[in-house]
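2 protein chains.
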Amino acid sequence: MKVAIIGVGLIGGSVALDIRAKGFAQQIVGVDQNPQNAKEALQLGLVDKMVELDEASSADLILLATPVSTLPGLALEVLERCSDPTIVIDTGSTKQQICKAIAEHPRRNQFVAAHPIAGTENSGPAAAITELFHAKTNIICEREKSSSSAVQGALELFEILGMKTIFMEPLEHDRHAAYVSHLSHVSSFLLGQTVLDMEKDEKNIFNLAGSGFASTVRLAKSSPQMWAPIFEQNVEFLSQALLEYIMHLQRFHYHLMKHDTPELLRIMSQANNIRRVLDGIELKQSTVRTTDPSLKDVTDKIQ
Amino acid sequence: MKVAIIGVGLIGGSVALDIRAKGFAQQIVGVDQNPQNAKEALQLGLVDKMVELDEASSADLILLATPVSTLPGLALEVLERCSDPTIVIDTGSTKQQICKAIAEHPRRNQFVAAHPIAGTENSGPAAAITELFHAKTNIICEREKSSSSAVQGALELFEILGMKTIFMEPLEHDRHAAYVSHLSHVSSFLLGQTVLDMEKDEKNIFNLAGSGFASTVRLAKSSPQMWAPIFEQNVEFLSQALLEYIMHLQRFHYHLMKHDTPELLRIMSQANNIRRVLDGIELKQSTVRTTDPSLKDVTDKIQ
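Note that the protein sequences, when read in sequence, are chains Z and Y.
Everything in the first sequence is counted per our numbering, starting at 1 for the first residue and increasing by one.
Everything in the second sequence is counted per our numbering, starting at 1 for the first residue and increasing by one.
Check each hint, because a few of them may be wrong.
For chains that are exact copies, the list does not tell them apart, and a pair is met inside one copy or across any two.
Stated by the list, open to error - Distance condition first, Cα-Cα at most 30 Å in a straight line; then the derived DSBU-like pairs of lysine-lysine: (1) LYS145 - LYS49; (2) LYS2 - LYS100; (3) LYS164 - LYS203; (4) LYS145 - LYS203; (5) LYS49 - LYS203; (6) LYS2 - LYS49; (7) LYS145 - LYS22; (8) LYS200 - LYS164; (9) LYS100 - LYS203; (10) LYS258 - LYS100; (11) LYS200 - LYS100; (12) LYS2 - LYS39; (13) LYS39 - LYS203; (14) LYS258 - LYS39; (15) LYS145 - LYS258; (16) LYS164 - LYS39; (17) LYS203 - LYS258.
Think of the hints as simulated: they come from the structure by calculation, not from any bench.
As the structure is a computational prediction, the values presented were derived from the model and not from experiment.
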């Protein structure tokens with residue numbers, strides 16, 4: 001199979017590494033507007049060659065892995081150029097806008113709107129790693145608008161990557177993603193800014209910060225160029241999530257100032273319930289190796 | 001040397017494991033008001049025996065590792081009972097209140113006010129692990145109020161644990177700790193609460209949460225009983241840090257609603273500077289093994 005990867009960064013590059021290693025693709029071509037990324041992707045051997053969009057459009061499977069702001073336009077361009085059996089899959093972290101953009105396209109059924117939920121705080125071709133997606137979750141939206149063969153092709157790809165796929169509507173996806181992913185990026189960026197603002201000489205952060213701080217603020221290292229468009233595309237749900245977060249912080253502050261220990265304890269004990277959820281995530285990611293049935297067992301048990 | 005550990009939880013238990021392994025203590029006795037903890041600590045072999053405070057007071061070195069709310073009273077009790085050469089060291093995450101509580105005690109110079117900055121989100125004797133403190137930072141406050149032999153004894157202990165000790169005033173410690181440690185716990189607790197509040201069936205968190213969310217919300221698993229007193233003792237600095245954090249979040253929300261992409265990018269790029277700090281923390285914790293000189297090289301370079 002010939003696979004074209006448009007956007008050879010963390011996501012596109014990591015897919016390339018795995019599908020080559022697993023023999024899923026015989027040829028992998030890349031497209032990237034950034035000449036430095038293009039050069040690095042070639043040097044790192046992520047792709048066989050870098051090509052123009054026209055040449056990439058002849059691939060059997062085209063993966064779109066560029067920032068979400070570019071996806072609607074790019075998807076339309078690719079659907080214009082590709083031939084009939086080609087499957088086009090996007091990997092964006094928001095799903096309403098891309099689905100809306102391609103809704104009326106005559107080749108809509110060749111497109112699969114996906115969100116493989118994986119990543120690190122790093123970006124660019126050099127950030128690509130093997131098994132990035134292993135035992136993680138992939139979301140496919142508007143399954144019914146893609147042809148069965150396109151869905152089948154996408155499922156094969158994500159299974160090769162070791163992912164479990166679930167189906168969801170774009171609105172539902174974006175609403176949950178606002179809370180479970182986008183909000184934690186915002187909270188981390190702003191925690192980083194607050195601390196840097198206060199601790200101007202950085203020596204004190206270095207001396208007093210433990211692994212807890214490092215963990216909480218890790219996402220503040222993420223790429224602004226990637227995340228600004230995600231926040232903007234999901235502005236309504238993110239705004240709601242952010243306001244609720246701010247309200248919870250303000251209430252905590254109120255009880256703190258009133259020295260209301262029982263209430264502080266109650267809030268924190270309630271938050272402790274996240275342990276059950278996180279243990280589930282860690283269990284899923286550490287114990288599940290390859291087979292779908294065992295994955296199902298584990299997730300059923302937790303859910 | 002006979003060492004008494006009062007509070008055989010994560011911190012006390014982890015110290016016990018290391019000082020036994022390194023031959024620093026020939027006998028370790030434990031004190032714990034919680035019968036379950038006392039039982040577990042014995043079963044896990046953290047201590048040789050559990051004793052009453054009176055018996056513990058005859059040790060050469062007494063380590064206080066109970067929640068900070070209990071430290072002022074406990075420190076006074078222990079100083080009353082111990083004999084002249086005994087060194088008493090606390091490990092609390094706040095330093096103003098404990099220092100104030102013992103300021104006028106005739107045995108103040110046998111006391112060393114310390115904060116070994118290490119921990120995990122787990123608590124209790126079963127959470128104790130070896131090398132918890134390795135290559136991390138210990139703070140000693142009011143060094144000049146402790147006798148040289150007490151400071152020397154404390155430095156030996158923390159060196160055995162693999163820690164670098166720096167000296168700081170209690171007020172300075174508490175102010176920085178509010179930003180670099182306490183605030184990230186609050187932000188994590190409330191992020192956990194916000195998401196749990198929204199995602200009531202938990203299935204969606206499980207399906208959509210990636211490793212980024214897990215990292216950001218990890219501290220929400222921490223013990224409320226341990227953290228409520230820390231927040232309360234450091235209420236002024238924490239309140240300030242929390243209000244600044246809320247202000248940053250509100251400003252971000254404002255720019256988000258105004259679709260002010262350049263400003264969002266500017267804020268996130270600024271927050272990216274935390275990478276330099278975190279790389280330093282990780283470097284310190286992963287590359288430095290035992291010797292003080294090499295630790296100094298690394299930290300000098302980063303600072």
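Here's how the hints hold up against the structure:
{"no.": "1", "hint": "LYS145 - LYS49", "verdict": "neither (32 Å within a copy, 68 Å between copies)"}
{"no.": "2", "hint": "LYS2 - LYS100", "verdict": "within (28 Å within a copy, 72 Å between copies)"}
{"no.": "3", "hint": "LYS164 - LYS203", "verdict": "between (44 Å within a copy, 14 Å between copies)"}
{"no.": "4", "hint": "LYS145 - LYS203", "verdict": "between (55 Å within a copy, 25 Å between copies)"}
{"no.": "5", "hint": "LYS49 - LYS203", "verdict": "neither (45 Å within a copy, 41 Å between copies)"}
{"no.": "6", "hint": "LYS2 - LYS49", "verdict": "within (12 Å within a copy, 68 Å between copies)"}
{"no.": "7", "hint": "LYS145 - LYS22", "verdict": "within (29 Å within a copy, 65 Å between copies)"}
{"no.": "8", "hint": "LYS200 - LYS164", "verdict": "between (44 Å within a copy, 22 Å between copies)"}
{"no.": "9", "hint": "LYS100 - LYS203", "verdict": "between (48 Å within a copy, 26 Å between copies)"}
{"no.": "10", "hint": "LYS258 - LYS100", "verdict": "between (49 Å within a copy, 23 Å between copies)"}
{"no.": "11", "hint": "LYS200 - LYS100", "verdict": "between (45 Å within a copy, 28 Å between copies)"}
{"no.": "12", "hint": "LYS2 - LYS39", "verdict": "within (20 Å within a copy, 63 Å between copies)"}
{"no.": "13", "hint": "LYS39 - LYS203", "verdict": "neither (37 Å within a copy, 42 Å between copies)"}
{"no.": "14", "hint": "LYS258 - LYS39", "verdict": "neither (59 Å within a copy, 37 Å between copies)"}
{"no.": "15", "hint": "LYS145 - LYS258", "verdict": "neither (55 Å within a copy, 34 Å between copies)"}
{"no.": "16", "hint": "LYS164 - LYS39", "verdict": "neither (32 Å within a copy, 43 Å between copies)"}
{"no.": "17", "hint": "LYS203 - LYS258", "verdict": "neither (33 Å within a copy, 35 Å between copies)"}
In this structure, the earlier hints numbered 1, 5, 13, 14, 15, 16 and 17 are contradicted, and the remaining ones agree with it.
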